[in-house]
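S.K.: Could you put together the complete structure from these sequences and hints?
Here is how the chains run, residue by residue.
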Amino acid sequence: MTDFYTSASSQAHLNLAITIASRVLKTTLTGWRGRLITIFWIVLVALATWSGATACKAEWQAYDAGEAAVIVAFSDWRAAYGSDPWRPVDLAAEHPIVRHLPPAPGRALAAGVSDAVGTWAAPANYHQRELEGRKGELTPLGILFGTLDLAGLVGVAGALLTIALGFDGISAEKERGTLALHFANPLGRGTFLLGKLLGVFAVVCCTLWLPLLLGVTVLGATGNIAASWDGLTRAVLFMLIGLAYLMFWTTASIAVSAMARSSAASVVALASLWLVVALAAPKVIAAEAASRHPVTASALLEEKIPALRAQSLVNYRKKVTAYKNGHLGATPKGVDAARLRLAYYDEFFARIDHVTAIDKTIRVAREHSLQTLAALSPTLVYQLATAELAGTDGARHRAFIDAVDAYARELRRWPEQRLITGIDTRPTWNELPPFNPGNAYAKTDLNRAFRHIGILLVLCALAMLAAWLAFLRYDLRLQGA
Amino acid sequence: MRYFTIFWLELLQATRDVRAGLVIAVASLFFVVAFTQGNERVGVTASAVAVSTAKNRQAWLAQPPQNPHGAAHFPVLLAKPTAPLASLVAGADGILPGHLVTDAHRLLPAKGTSAADAPFAQAIGTLDTAFVIGVILSLLAVLAGSDLVAGEKERGTLRLTFANPVRRNRWLLAKIAGRTTGFLVAVTLAASLALMIAGGVVLGPSGLYEGMASSAPNDVMGRLGGFLFLSAIYLAVWITIGAACSVFSARVASATLAAVVLWIALVVIAPRAVATIAELGDPIPATSPARMAIRVEEVRLRRQQEAMVETLKASGGLKGAGAITTTEGPAAVRDIIDAAAARAQAKADAPIANWRERQLTKLDAFGCISPTSLYFRIAAGFAGTDGQRHHEFLNQASAWRSAFLERLNRLEDRGIAEFSDYPSVAPFQFKETASQRIWIQQSASVATMLCMWLIILLLCFFRFKHYDLR
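For the record, the sequence lines run as chains A and B. All residue numbers for the first sequence refer to numbering that gives the first Met the number 0, where the first residue is 0 and numbers rise by one. All residue numbers for the second sequence refer to numbering that gives the first Met the number 0, where the first residue is 0 and numbers rise by one.
Please note that the accuracy of each hint is not assured.
Claimed, not checked - Below 30 Å or equal to it, Euclidean Cα-Cα: the simulated DSS-like pairs (lysine-lysine) are:
hint, chain 1, residue 1, chain 2, residue 2
1, A, 318, A, 332
2, B, 312, A, 332
3, B, 110, A, 56
4, B, 346, A, 56
5, B, 152, B, 464
6, A, 303, B, 430
What the hints contain is simulated information worked out from the structure, not anything from laboratory work.
M.R.: Below you can see the structure in the form of structure tokens.
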């Protein structure tokens, strides 16, 4: 026995750990608990897959219908003016154009902020702060609990079921009195712990991760995840993050099980950990981030816009008066009027930018704060990571609002510039400046996703270290006491 | 008397048990967080509403004399005050807009959602009192009930009990009542402790204690009473579900496992699945085409209005008229155009309104499959953080705007060229629905919750009556 400890290679330890793991895998998968959880989880994954596919399809249908309607509406709008002379202000203030946020590339995987925020905006206001067409506004209590998506399922139920699979990994051996028998053989505590961890993790992979993989594959096969390199990358990273997240809960379960004297104590401690980490902490952290960086109330910001406009109008009128004085009292028309209006818009927009810059800084600080605090809750890390991967995070939504904001300005400036170049006809749909929703996120997603996987792995390592230290000091004579 | 003794012993045991201490500790901790965050959330909103409304009013009063039509173009801010129990139940408040701004020619869309400012926080949800009761305490409640009978079976004391002349169902009822009362006592203690630590909770329509005192305190208390009553029934339902698991199982371990599985299914899964099932085969229609159609119709109607005014001018019908009449026509023309605009709006909105109605009906029906979804729906109703209060706000704001425009336009029609009596226009005040009415609205749902409780109890009685003591 002494020889084994002094001369056995790390390969021998690993072989022992793998033997323990394979026994755990075999007994759990063939036991009633493994079977029950597998069936329960398969049903849940099937529901979430179906829910994700339905939501994705509905969003695409609404998007396509909206995009088709906007061309018809623009044509009707042009026709409504009849033979009226063209005025750039018509396009600036009365156009029916609506711009739609394309459904997120991974909407079927993670709902994220999809139902809480809107999906389209009319680029007509001077400062766009939110989108319209919120599903939550139509059926507010219908989205109160969130939708049944795969990410939400893994984040909450997946964590709980992992606990159910691993809570008695070591504590049951203590209760049965078999732990001392194990250590009567040439078996290191670290090897035993590693074997148990690998065993429960293999069970979790077979029971929870494989059905999840099947769900994601079904979503991909049914066209709900784009059949492209980007779509594949998102799906693969989604599965990897899920694996890292489930690994955290596996490690936590084994760690608590190693520390607890009985399975009952282990399950109570783990359930409490789940309540705090998976359910409560994300909500508290999100509220804390918002409280640390309170944004200016929407109404307060909107209050400032009329005053900013009035200030710019004063300067505009001064310029008009100066023009009249220099042109024998003639009112500016045509190109001259367009130049004056363009200068007015530029001044007004610069004033708005000055006021809203503070608001944007606060939002960035809040986002940063949320990302930093998220490390306190693996569930929040997982939720943030999956939403970023899916494109259903706040950043994509905010980027679209900024794009619409820029487009609203473009629709004011463009007709004036067009007039200056000598074109004074009512524009057709094809002549309008193109709208770019700014949807290039793949690179950022990858970086963030890897960072989140890193955080989850660090948390796993910490939990494992705690388990190892606690288990190393465990007095075998206490078992069964 | 015999059954009262059983009840009393169970109550004493429930309060002395180590789990009662755990319930008090866990519930106090979560209540403190919920109360503190709720107060802060409501305080920030209430202060923003108060400051922005005051600034807007100040700007209205500071205007120089102008023609009434010019005054009608002032963008009046109509803000929704915080809901009476918003600090306890966040409900859908974060998703719903908080204000709208009037315009002479159209009612601009309502804006100012918390979801727009913090979308991810909204998607994650809020840790409010309703969440603590609906999710966290429901788990503790179902666990508290899960060893009620199975414990006696395992210890073998059940046979000893029924060696005495004790009726099974009365015994079970006394046990459930005792355990429920003990649990509720522990929760009440925890809430009281948390109230002391957090320094109270903010209640009332204005979001402040003073608001509660000045504007219909009975209404706030009525709503609070409803919320507390509902919460007590809800926790009792979960203890009874735990007891049912206990009656159906021979061992505490299997009863606990069944209780946890039921909890996951009914609290974590079912409420999320309800909305998904409700949308089966009936996805949300595109909402933007309505907005575009209305915009096009506005241009058409304005041209129609201009043509009518030109005709009147040509026939000499507008001689000596004020600014509004010469540009927008007399009241008769404006009424025709307004009616046509309202018809166009209703027509464009119809598909969305119909979908909404269908969804609400389905959500009402499917919501009954889980006590948790039912609880959150009723709690939001009592708190005023549901869609109903929001629609009431939109209706009242719309009515106020119509009256405001009507008054100024009629002044113009009477030939008054200058308007300066700004203080005479009273600011918008949202009228809360009386608590009695809220009780009536929620009575069917509360009755459903009571029926749910009764059914579970009957199930327990039926099974327990046929349980073979051998």
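S.K.: Are there hints from earlier that the structure breaks, and if so, what are their numbers?
M.R.: Violated: none.
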